[in-house]
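**Student:** So the chains spell out like this:
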Amino acid sequence: MTYLAKPKLHHPSLPRNALGYTRRDYEGPVSTLCAGCGHDSISAAIIQVFFELAIPPHRVAKLSGIGCSSKTPTYFLGQSHGFNTVHGRMPSVLTGANLANRDLVYLGISGDGDSASIGLGQFAHLMRRGVNMTYIVENNGVYGLTKGQFSATADRGSKSKAGYSNEDEPIDLVMLALTLGATFIARGFSGDKAQLVPLIKAAVQHKGAAIIDVVSPCVAFNNHPGSTKSYDYVRAHNETVNFLDYMPERPAIVDEGAPGSVTTVTLHDGGAIRVRRVAADYDPRRKVAVMSYLEAAREAGEVATGLLFLDESVADLHDAQNTVERPLNALADADLVPGSAALARLNAALR
Amino acid sequence: MRPIERVNDFVVKFANVNGSGSASANGLFARAVLRMGVPVAARNIFPSNIQGMPTWYEVRIVEAGWRGRRGGVDLAVAMNPETWNGDVAELEPGGYLLYDSTRALTAGRMREDIVLLGVPLTGMCAEMYSDPRQRQLFKNIMYVGALAALLHIEPEVIEKLLAEQYAGERKAPLLDANRAAFRRGHDYVKAELPAIGLRMERRDRVGSRIFVDGNSAAALGAVYGGATVCAWYPITPSTSVAEAFKRYCQKLRVDPATGKNRFAIVQAEDELASIGMVVGAGWNGARAFTATSGPGISLMQEFIGLAYFAEIPAVLIDVQRGSPSTGMPTKTQQADVQSAAYASHGDTKHVLLFPEDPTEAFAMGAQAFDLADRLQTPVFLMLDLDIGMQDWLTEPFAWDDARELDRGKVMTAEELEAGRDFGRYLDVDGDGVPYRTYPGTHAKRGAYFTRGTSKDRYARYTEEGPAYVDNMQRLLRKFETAKELVPAPAIEKAAQPAKAGVLWYGSTGAPMAEALAALERRGIHLDRCRVRAFPFTDAVADFVAAHDRVFVVEQNRDAQLRGMLVNELGIAPEKLVAVLHYDGTPLTSRFVEREIAEKAALFNVVPMKKVAN
Chain E
886 MTYLAKPKLH HPSLPRNALG YTRRDYEGPV STLCAGCGHD SISAAIIQVF
936 FELAIPPHRV AKLSGIGCSS KTPTYFLGQS HGFNTVHGRM PSVLTGANLA
986 NRDLVYLGIS GDGDSASIGL GQFAHLMRRG VNMTYIVENN GVYGLTKGQF
1036 SATADRGSKS KAGYSNEDEP IDLVMLALTL GATFIARGFS GDKAQLVPLI
1086 KAAVQHKGAA IIDVVSPCVA FNNHPGSTKS YDYVRAHNET VNFLDYMPER
1136 PAIVDEGAPG SVTTVTLHDG GAIRVRRVAA DYDPRRKVAV MSYLEAAREA
1186 GEVATGLLFL DESVADLHDA QNTVERPLNA LADADLVPGS AALARLNAAL
1236 R
Chain L
1130 MRPIERVNDF VVKFANVNGS GSASANGLFA RAVLRMGVPV AARNIFPSNI
1180 QGMPTWYEVR IVEAGWRGRR GGVDLAVAMN PETWNGDVAE LEPGGYLLYD
1230 STRALTAGRM REDIVLLGVP LTGMCAEMYS DPRQRQLFKN IMYVGALAAL
1280 LHIEPEVIEK LLAEQYAGER KAPLLDANRA AFRRGHDYVK AELPAIGLRM
1330 ERRDRVGSRI FVDGNSAAAL GAVYGGATVC AWYPITPSTS VAEAFKRYCQ
1380 KLRVDPATGK NRFAIVQAED ELASIGMVVG AGWNGARAFT ATSGPGISLM
1430 QEFIGLAYFA EIPAVLIDVQ RGSPSTGMPT KTQQADVQSA AYASHGDTKH
1480 VLLFPEDPTE AFAMGAQAFD LADRLQTPVF LMLDLDIGMQ DWLTEPFAWD
1530 DARELDRGKV MTAEELEAGR DFGRYLDVDG DGVPYRTYPG THAKRGAYFT
1580 RGTSKDRYAR YTEEGPAYVD NMQRLLRKFE TAKELVPAPA IEKAAQPAKA
1630 GVLWYGSTGA PMAEALAALE RRGIHLDRCR VRAFPFTDAV ADFVAAHDRV
1680 FVVEQNRDAQ LRGMLVNELG IAPEKLVAVL HYDGTPLTSR FVEREIAEKA
1730 ALFNVVPMKK VAN
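Chains as they are written, first to last, in my numbering: chain E, 886 to 1236; chain L, 1130 to 1742.
What the hints contain is simulated information worked out from the structure, not anything from laboratory work.
Among the hints, a few may not be true.
To be verified - Non-contacting residues of chain L with respect to chain E, defined by C-beta distances greater than 10 Å in every case (computed):
1) ARG1580
2) ILE1620
3) LYS1622
Claimed, not checked - Okay, the calculated bits of chain L under chain E, using three or more residues with CB under 8 Å as the criterion:
4) 1269-1276
5) 1396-1409
6) 1506-1518
7) 1685-1692
Here a beta-carbon is modelled for each residue, glycine too, at the ideal position from N, C-alpha and C.
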């Protein structure tokens, strides 16, 4: 495999964002994933999100584990530092990176094997620590690079391409994140970019642990009849609970539309999201109601998508650590080294 | 029976029950000896338990300043009925047994060749205190009073130590109660017991030295080394490293203006997450470390390899212990040397530092962060339980205020803007160490994708064989560069020209000076090499080359460092004679002396007639 650079020349009329960047500045080299892979749609959505939010690409740190999904950070945000870490252990690396520099935007890209199988422990602790980041699980229920084994999110009874049936109970990362204290929880579908882009935008602006479980069909190993993560299956069973509009600045007046159908939520950065409810009884800020809704949808064989849970009231890891505003990696010697006089006092106390 | 008679040179061993509050009383005793101007070598011997199990504290009072255990006990303070028989049996002939005489001893179970010193501690405590917890706690201070009287420790010294410990109005009642218990024990001995042959006399042999454990010292070294991120998981005997780091940071690293922390400490869910966080923070330009022990190092293997290949600075403080499981983990060993040196998959080699005591644990603890940044690689600070958890009389910590933290080769936004060529894995200077950028440095230049392998000099993805080999060869050059940066060995000539040498590292040094002095008296002269780091510098190779035989003393079964010397320096194995101690107890000078003397005779290091002398 080689490194495929895209041509640097582009048409002068390409639209530019508030920073003067074109969409091309947010792209990476050409993807080497299979044609039609859901993951590439997610990469495209991420490119659109950061372009439209006008976040400087170099201020984003993108981290991943191992697997098809974890390869994708190469294919977007080419001007960002990226880190392809250890299988199932990206959450700890991201946590450490976040502690070192609180000023960057952190994007964790993982898959269902990476997060729900080998990495379930780190996934759980990442959520409960409230690390300020967006964590995207590109969930296809299958191991691609090793060619078609079930992962821990594969539904019971779903069939592998080789014809085997999965008899294990699936892990629902959304429900898990809910019980672990994640403060922004969403589910999307790689085939529905219109829904996915505002979800990622809102997650990026959320201060705290934001997770989006994106069902992303594997065209090579999990897109056949009998799979519950195929394009056809998800399209047929998608239960959209709401749509988001993300507004980067606090709007002066919000047109609420029909009463009860739109909720405006102000985020920490002053921006806001408008949640247009589709399911009439759905309120993403009531955890108990969310749990019962999700369980009911699961029983009915539906895949609930949208912004499923949001809590803007909880502090993030840096608040809990009470760290200084200046990034820890930018502290000077004088901030860090107490010097010989302090050491003399410590010595004196040890005699 | 002749009772032992010694001044400022004897071993006192306390036998206690875990959780009975004896630790602070025993520490008080050791500090009192130091305040009398006489050095001590003190060691806790404890089980893997919180409360109720036997525990011992051994204080070697040693005017000559030897740092190791001697072996044997001259005075036992037998406060644990459960271990009574063993404690009595361990006494040297002519030794002394201080015991609680509240109840009469059963006849027929006592040695004839020791001196019995009965003090009715329980009875006196029952008279003085009504609260059961107080009765227990003050019994400890009371035996310190009895010891002070027996050994001629000036009572004012202990009263002053108590006053320092219980300073302030709030603690005044505690001070009075402790003083009363101390005096009661002291006065009882003065009135009721005869003088004994063990005695202290005031000297001035402690100087400016401090009394501190190596884990605290390493943690303080991390503070001075500029560490800002600590991620760890509790494991004996390393836990107190992270706890001390927190204590020192709260004292030294809180911004006075805002009250905010210039540090972050995460107790992770396991060792994998600990090292992952360290790697993430190191990748992002913060100085980060973890503290662990052998089993933790095992769990961290995959990440250590990633950090090696991705060239990410990380510091691992490995406080070695007996492994695995529980039990031996409260005992000391040097048995992680090879698993640390070659940790992980693929071809890897790591920098190890071997401090010999808390003073070096501090110095190398700080230096480890400079080395990690300069070499962009994991660096192991190899402590062990003996250095880490025991209080040592050691030279005071020192810091040069002119010293700057060495961040290594980090390309700045200005350099990138000026168009300087940036290849993350490009060997610009020929030393194998490339430049790195911190994430977020420059809008258009300097970003790269970090992977383990499969990359070229510009961090572009490739699976080409030559690119892999090119990178691996550069990593070897980098390891060569490390030889020039790590602490050099401490080499010392014997008093007489010697054909043989002895080599050791870490806490093994504690009994070595004493053992070598004893060997010299037997006519065995050995040149000394204390290895302080891996990779081995040329001076280590030269030392081995210059001698016919070299004894390699270490605390593990498989002669791990010896094996590394053979492999890394291409030394003929028969040249290196292993001297191994690995039962979990700290090495004694008697053991080293005996082992080397026997092997020296075997290998003709000295003429047979000399040994016979």
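**Student:** Check whether three or more residues of the stretch 1269-1276 of chain L sit with their beta carbon closer than 8 Å to a beta carbon of chain E.
**Tutor:** violated (count 0)
**Student:** Within the assertion that chain E covers the stretch 1396-1409 of chain L, do at least three residues meet a Cβ-to-Cβ distance smaller than 8 Å?
**Tutor:** holds (count 12)
**Student:** Within the assertion that chain E covers the stretch 1685-1692 of chain L, do at least three residues meet a Cβ-to-Cβ distance smaller than 8 Å?
**Tutor:** As far as the stretch 1685-1692 of chain L goes, the hint is violated, because 0 residues have Cβ atoms under 8 Å from chain E.
**Student:** Would ILE1620(L) pass as off the interface with chain E, using Cβ distances and a cut of 10 Å?
**Tutor:** holds (28 Å)
**Student:** Count the residues of the stretch 1506-1518 of chain L whose CB lies closer than 8 Å to any CB of chain E, then report whether that count reaches three.
**Tutor:** violated (count 0)
**Student:** Compute the least Cβ-Cβ separation between ARG1580(L) and chain E, then decide whether it is above 10 Å.
**Tutor:** violated (5 Å)
**Student:** Beyond 10 Å from every Cβ of chain E: is that where the Cβ of LYS1622(L) lies?
**Tutor:** holds (32 Å)
In this structure, the hints that do not hold are numbers 1, 4, 6 and 7, in rising order.
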